[in-house]
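Please construct the entire structure, taking both the sequences and the accompanying hints into account.
Given next are the chains, with one letter for each unit.
2 protein chains.
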Amino acid sequence: MTSYAQIIQAQQRLDGVAVRTPLLESKAINERLQGRILFKAEPLQHTGSFKFRGAYNKISQLAQQGVTGVVAYSSGNHAQGVALAASLFDMRAVIVMPADSPSIKINNTKALGGEVVTYDRHNESREKIGAALAKAHQLALVKPYDDEDIIVGQGTLGLEIVQQLQILGLVPDTLIAPCGGGGLISGTSVALHQSFPQTKILLAEPEHYDDASRSLRESVRLANTATTPSICDAIVTPMVGELTYPIMLEHVAAGFAVTEEAVLKAMAMCMQELKIIVEPGGCVGLAALLSGFAPTKDKITIVVLSGGNADPQILARALSV
Amino acid sequence: MTSYAQIIQAQQRLDGVAVRTPLLESKAINERLQGRILFKAEPLQHTGSFKFRGAYNKISQLAQQGVTGVVAYSSGNHAQGVALAASLFDMRAVIVMPADSPSIKINNTKALGGEVVTYDRHNESREKIGAALAKAHQLALVKPYDDEDIIVGQGTLGLEIVQQLQILGLVPDTLIAPCGGGGLISGTSVALHQSFPQTKILLAEPEHYDDASRSLRESVRLANTATTPSICDAIVTPMVGELTYPIMLEHVAAGFAVTEEAVLKAMAMCMQELKIIVEPGGCVGLAALLSGFAPTKDKITIVVLSGGNADPQILARALSV
Numbered sequence: 015m016t017s018y019a020q021i022i023q024a025q026q027r028l029d030g031v032a033v034r035t036p037l038l039e040s041k042a043i044n045e046r047l048q049g050r051i052l053f054k055a056e057p058l059q060h061t062g063s064f065k066f067r068g069a070y071n072k073i074s075q076l077a078q079q080g081v082t083g084v085v086a087y088s089s090g091n092h093a094q095g096v097a098l099a100a101s102l103f104d105m106r107a108v109i110v111m112p113a114d115s116p117s118i119k120i121n122n123t124k125a126l127g128g129e130v131v132t133y134d135r136h137n138e139s140r141e142k143i144g145a146a147l148a149k150a151h152q153l154a155l156v157k158p159y160d161d162e163d164i165i166v167g168q169g170t171l172g173l174e175i176v177q178q179l180q181i182l183g184l185v186p187d188t189l190i191a192p193c194g195g196g197g198l199i200s201g202t203s204v205a206l207h208q209s210f211p212q213t214k215i216l217l218a219e220p221e222h223y224d225d226a227s228r229s230l231r232e233s234v235r236l237a238n239t240a241t242t243p244s245i246c247d248a249i250v251t252p253m254v255g256e257l258t259y260p261i262m263l264e265h266v267a268a269g270f271a272v273t274e275e276a277v278l279k280a281m282a283m284c285m286q287e288l289k290i291i292v293e294p295g296g297c298v299g300l301a302a303l304l305s306g307f308a309p310t311k312d313k314i315t316i317v318v319l320s321g322g323n324a325d326p327q328i329l330a331r332a333l334s335v
Numbered sequence: 015m016t017s018y019a020q021i022i023q024a025q026q027r028l029d030g031v032a033v034r035t036p037l038l039e040s041k042a043i044n045e046r047l048q049g050r051i052l053f054k055a056e057p058l059q060h061t062g063s064f065k066f067r068g069a070y071n072k073i074s075q076l077a078q079q080g081v082t083g084v085v086a087y088s089s090g091n092h093a094q095g096v097a098l099a100a101s102l103f104d105m106r107a108v109i110v111m112p113a114d115s116p117s118i119k120i121n122n123t124k125a126l127g128g129e130v131v132t133y134d135r136h137n138e139s140r141e142k143i144g145a146a147l148a149k150a151h152q153l154a155l156v157k158p159y160d161d162e163d164i165i166v167g168q169g170t171l172g173l174e175i176v177q178q179l180q181i182l183g184l185v186p187d188t189l190i191a192p193c194g195g196g197g198l199i200s201g202t203s204v205a206l207h208q209s210f211p212q213t214k215i216l217l218a219e220p221e222h223y224d225d226a227s228r229s230l231r232e233s234v235r236l237a238n239t240a241t242t243p244s245i246c247d248a249i250v251t252p253m254v255g256e257l258t259y260p261i262m263l264e265h266v267a268a269g270f271a272v273t274e275e276a277v278l279k280a281m282a283m284c285m286q287e288l289k290i291i292v293e294p295g296g297c298v299g300l301a302a303l304l305s306g307f308a309p310t311k312d313k314i315t316i317v318v319l320s321g322g323n324a325d326p327q328i329l330a331r332a333l334s335v
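Protein chains in written order, with our numbering: chain C, 15 to 335; chain A, 15 to 335.
Mixed in with the good hints there might be a few duds.
[As the list claims (entries may be wrong)] Cut-off 20 angstroms, straight-line C-alpha distance, at most; resulting in silico cross-link-like pairs (EDC-like, lysine to aspartate or glutamate):
#1 C:Lys41 to A:Asp104
#2 A:Lys124 to C:Glu39
#3 C:Lys124 to A:Asp104
#4 C:Lys41 to A:Glu129
#5 A:Lys41 to C:Asp29
#6 C:Lys142 to C:Glu256
#7 C:Lys41 to A:Asp29
#8 A:Lys311 to A:Glu274
#9 C:Lys124 to A:Glu39
Simulated from the structure, these hints should not be mistaken for lab results.
Set out below in structure tokens:
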């Protein structure tokens, strides 16, 4: 089971390689939510999302073992994280991506040196394609979340938050983060719980894809059945992971599903008040707060903004909400 | 004359109050410009621009002298900086702003507690209005750039860059920053020159408003005569300051005026690659590099992105370039 000590080790691996992203704060948002809201700005991470943390933590260890190539399946952010991390170790990176991924993510993955193989999200299994490629080309599979080294790597985001809050002398009442497969929220919750055991940890996800919220509520891992498209492509996963779910059960109090409109409003608020670009899936935590999911009045709340790889069209939509 | 020692003092005043904004870097932009480009991300400063630095440095000293109210004239960013700094000392802040300022700037200034008085940019003198208000209401005038405490405060941005580069072990070949009245570039150049005397310091400004570039070239302070509107409202000033100009003459090698199209492309690049919002006037440095003003190949270049208070309409325009 993922431990705090492993996350400390991962932070040492990532030191000087990953960006120590800032905690941002806005007077206007604080006034709007009547409390103090601190935003972990992971769009400013290399490749524009937290995914670089886990990928680097995993791939740096594979490199030590003599592995020379990796394969990954991803809706886009994990793809970019893997492609960059692999390139830093002169490794080959083959990436299996849905054909309908935002073009910014496909193009960026190629620009980072990734060899992109696309598939049909609705009729093909990315797991099978990934396994076949791994076997055919002797590549090591780098899973997006259900892998201890990945969870631990994402946990460095939580550890950084702890360290940044300790410098500010603050103890948070609440932390809310996006959840797809659960790598980010599970790793982060282990790091946070160690120093701030009283902090309430919450997750947010898009409407129609509320598997994590339901799985927490019913104490059994449930799958999504929705086939409606979501603008939150980064966190649309069939179900949370086998490894991530037990950690979530232990540390995460509850989850909330947000509407597309709430997501677009949250994106606009990030642009206007924080001056950063957050992609739809990265913004669900703020969208949940704006929807009244968790009380913020007179509280200190940490919101994880997990990525910023949004196509111009979706940014334009958010600006016109 | 503004000294390095004064900037060190100002940094102590601002410690824990202003944001220590990050230096951002993008692999894609580095590849595009064939060098290493580090961006000082001042849109992440309180009030969305560097102006808070100078305003706080000035107003904290006025507060010690017993002053209870200030007046400022500003195209918008100085207004917000003054309004926030004054509110931190429970001071009254009356702000004289052009009636055609971006509405985000007028609204934000009011939200920060500023009392906004608008005027006609083309037919009225903001200096006269400011002086009259100061006299009538016993307010201290906080000039936007031609004041030593303001220049020194803006210089903390340069000092931070120096400290951040020293941590990275880097010596920059070039620094480029936007220039309106010259407070930012003059203060920053004093700080930079102290530690990196070989670094070439450049300024950028919008086309039709190239007074600073011409004033450097001809070694005499020249005014703008243009009346065409510019999207770079933040840095459209009649001429550089009496106090800022001699510093610029000593430290700034040259200036360059950029087209509106180059500015919009630079804004889009900041959104797409750096994931931050930069307003037109804040983006002229990158626009100048993209226009080929200064060689970047195999060099280390610092680009100051000075502010991010852009209206949604102009962001939408940048996204569609």
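Against the structure, the hints:
Taking the CA atoms of Lys41 of chain C and Asp104 of chain A, the gap is about 16 angstroms. The hint holds against a cut of 20 angstroms. Restraint check for Lys124 of chain A and Glu39 of chain C: the C-alpha separation of about 19 angstroms stays at or below 20 angstroms, so the hint holds. Note on Lys124 of chain C and Asp104 of chain A: the hinted pairing is violated, with a Cα-Cα distance of about 53 angstroms set against a maximum of 20 angstroms. Restraint check: the Cα-Cα separation between Lys41 of chain C and Glu129 of chain A comes to about 18 angstroms, which is no more than 20 angstroms; the hinted pair holds.
Taken as a hint, the Lys41 of chain A and Asp29 of chain C pair is honoured in the structure, with Cα atoms around 18 angstroms apart against an allowance of 20 angstroms. Under the criterion of a C-alpha separation no larger than 20 angstroms, the hint pairing Lys142 of chain C with Glu256 of chain C is consistent with the structure, at around 18 angstroms. In summary, the hint linking Lys41 of chain C to Asp29 of chain A is supported, as the alpha carbons are separated by about 18 angstroms, within the 20 angstroms threshold. A distance of roughly 24 angstroms separates the Cα atoms of Lys311 of chain A and Glu274 of chain A; the hinted pair therefore is violated under the 20 angstroms criterion.
The hinted pair formed by Lys124 of chain C and Glu39 of chain A meets the criterion: a straight-line CA distance of about 19 angstroms does not exceed 20 angstroms.
When the structure is compared with the earlier hints, violations turn up for hints 3, 8 and for no others.
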